[in-house]
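Colleague: One letter stands for each residue in the lines below.
Number of protein chains: 2
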Amino acid sequence: MTDSDNLDLSRRRLLGAVGAAGAAGLVAGAAGGAGISAALSDDTAGAGGAPALSTVGSTAVMFHGKHQAGITTPLQSRGHLVAFDLAPGAGRKEAAALLRRWSATAKVLMAGKAPAEDTGIALDAGPSSLTVTFGFGRTFFDRTGLASRRPAELDPLPAFSADALDPRRSEGDLWVQIGADDALVAFHALRAVQKDAGDAARVRWQMNGFNRSAGATAKPMTARNLMGQVDGTGNPKPTDPDFDRRIFVPAGGAQEWMAGGSYAVVRRIRMLLDDWEKLPLDRQEKVIGRRKSDGAPLTGGSETTELALDKLGPDGKPVIPDNAHSRISAPEQNGGAAMLRRPFSFHDGIGPDGTPDAGLLFVCWQADPLRGFVPVQRKLDRGDALSAFIRHEASGLFAVPGGPAEGEYVGQRLLEA
Amino acid sequence: MTDSDNLDLSRRRLLGAVGAAGAAGLVAGAAGGAGISAALSDDTAGAGGAPALSTVGSTAVMFHGKHQAGITTPLQSRGHLVAFDLAPGAGRKEAAALLRRWSATAKVLMAGKAPAEDTGIALDAGPSSLTVTFGFGRTFFDRTGLASRRPAELDPLPAFSADALDPRRSEGDLWVQIGADDALVAFHALRAVQKDAGDAARVRWQMNGFNRSAGATAKPMTARNLMGQVDGTGNPKPTDPDFDRRIFVPAGGAQEWMAGGSYAVVRRIRMLLDDWEKLPLDRQEKVIGRRKSDGAPLTGGSETTELALDKLGPDGKPVIPDNAHSRISAPEQNGGAAMLRRPFSFHDGIGPDGTPDAGLLFVCWQADPLRGFVPVQRKLDRGDALSAFIRHEASGLFAVPGGPAEGEYVGQRLLEA
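Protein chains in written order, with UniProt numbering: chain Z, 1 to 417; chain D, 1 to 417.
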């Protein structure tokens, strides 16, 4: 499983131990990490007392594998989402060449190395948990003559009453998700991906996001969003027995090229923070159904305690209100629907209306959007108390194929079959 | 010098050693840090094997001191710049009350605590090197009846031929610089500062920036900008014998309330990255006069080697071209002018023209802009080879008073004298 290309990290002055990936596809530079099999140093090693790269910089994620990186990879502190449309005249051949270029670039960058004619933006930095993930939108298939291989799962999402979608920032032929624990590493990858597009594809939209920095909290915590809410508590875990079945497309389906892949629903969810922050804490907590301080249900316990949905308060009403976000979105209220939410927050300054242009770049992963995102969002759309404080401004649905085998590029099983 | 208020960090579940500030005003949570005098723990200490906050989260910067924080503080990975105008009808009294509120909030937040009626966005996180720095623009003084106390140093900067300034994103009555090593901690502070403004002041403009994450490089490196250049090599150092004289306003000047303060020049410098990245490496290096890989002068040596400005190449021309950015901006070419550059990079997605809306939120600090920024920018404006690849899109000049003593608020010596 060790990728020998990943071991030549000396350009980045990596001083530490680097090796084969563990189950999560991580190559950790910290002493004591699991799955470490090789130690590297370069001309700076041992000279001048230079400290080792912390794991912030030295952690590398494997490019090759059963699934693409950036789905079960831990949240990174910086992210870019970018959608492309194929250029007029570009078809399957140009798309295949583009995915080949992109895959080569992603592999090099995720290993902490520099591509040819590099911009130099990430010089000195380690791979910093960089992931680059590629997907195909519904419109891709007609434009490449591959309509017969378009998965039914890419059928348009239903319209939701609370949607205020901007089509110019929605959908797209191709989608790339970039994440890294260093802002310059992430930006470097974004520029490289844009450069690779060349004449074959044009940027349709591009969004920037962020999460908490590693080490900012005393212990690993579930993320908070910009409303101050613990966000992600109910996420399925890779150790759950049905995790793979719910998140990844099994082999033997209607579109074999998607085996090991997943479907990403991307929503730019604006938070109406000026309104939200005027709401007193106890009312915010009733909107969510959880305590703000630690994310525990209002019915008691800790963050991971199950919601006691039937529990009544002294007033005879449910402690977790009928329209509480956590009640409506609870998997047990949605036939066990499960999606893996893996968002970034966004903040693009002040919007034209004078309020903060900030919120959540919601990205969720599932084997089938009709069993993951759609049923939950349908119920939220009808009666979620949170709806008054958010606005879905953009939407995308993308087929993200399985990870490439050695020597393969992402999407090859679609484009060259 | 220990601020006892800084020691009550238990809300943030800080588990580590925290204590009195060293010369740089830092309160470090890492074992082995200098100036550490106290150890804290809380209800989570020792339970469940929770690891200590890394220094990313646990480092706190002192609010009180001779100078405000955020000037000599090491670059943080996230930053917000925000300018306010006083609301119609608001004068000196309202401004004084606002600066009192802001100072109280900044002190609480920089210590890693929560203000009253908190948004909760930074819950769980440590202070994360948060700094909040306050300044006054030229227009502040007329609006508050303090025209006689307006420093001559706030006279408008000269116009530069390469300027393409947007007045709506320039200047302002009041300016706040926020920096932190965690994105949610920085955003939390921004929201708190905006809330404190209440009816007294309205946001005029707001910009977001970033720098490399701590730990992304194997050893502390001079920052790189989004052009991939090492940026900040020639910066004066606090250990330089004339550092204080060049950066901070001495006592006994025309405006005594500015003693210990500094003047900030803020420029939103757009980088024309599509053009820049098309330039081959050797031509990029001639534009700058330094090697891209390590920032060393083209005349040889390492990053910190002095430029050999008289050295000629085999072609009889200077190795560092006459119009090279590093030659023109070199202090020795500008009568020893010195400013402390402390920028953030910015990236606001794709601009209306389809090119990246990215570049540098240039912030520089000096005791007198006419001896710091202005002479250097005048020379750059006439003949800098870099000019073709950048555009100054916004500008601000702010008087940043000295740090508050215990019990004082920022600007009190101006507003209550």
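Treat the hints as calculated values from the structure; they're not laboratory data. Some clues are possibly wrong.
Identical copies look the same in the list; a pair holds intra-copy or inter-copy alike.
Straight-line distance between alpha carbons at most 16 Å, and here's what the computed EDC-like set of lysine to aspartate or glutamate pairs gives [unchecked claim]:
no., residue 1, residue 2
1, K113, E408
2, K219, D240
3, K311, D322
4, K195, D275
5, K292, E117
6, K195, D274
7, K286, D353
8, K278, E117
9, K195, D85
10, K292, D282
11, K219, D155
Colleague: If a hint holds in the structure, say so; if it does not, say that too.
Modeller: Do the hints match the structure? See the list:
1. K113 / E408: Neither: 19 Å inside a copy, 51 Å across copies.
2. K219 / D240: neither (22 Å within a copy, 39 Å between copies)
3. K311 / D322: This pair counts as within: shortest intra-copy Cα distance 11 Å, inter-copy 78 Å.
4. K195 / D275: between (41 Å within a copy, 12 Å between copies)
5. K292 / E117: between (48 Å within a copy, 12 Å between copies)
6. K195 / D274: between (38 Å within a copy, 9 Å between copies)
7. K286 / D353: neither (28 Å within a copy, 45 Å between copies)
8. K278 / E117: between (51 Å within a copy, 10 Å between copies)
9. K195 / D85: The answer is within: 14 Å in one copy meets 16 Å, while 41 Å across copies does not.
10. K292 / D282: within (9 Å within a copy, 54 Å between copies)
11. K219 / D155: The answer is neither: 41 Å in one copy and 49 Å across copies each exceed 16 Å.
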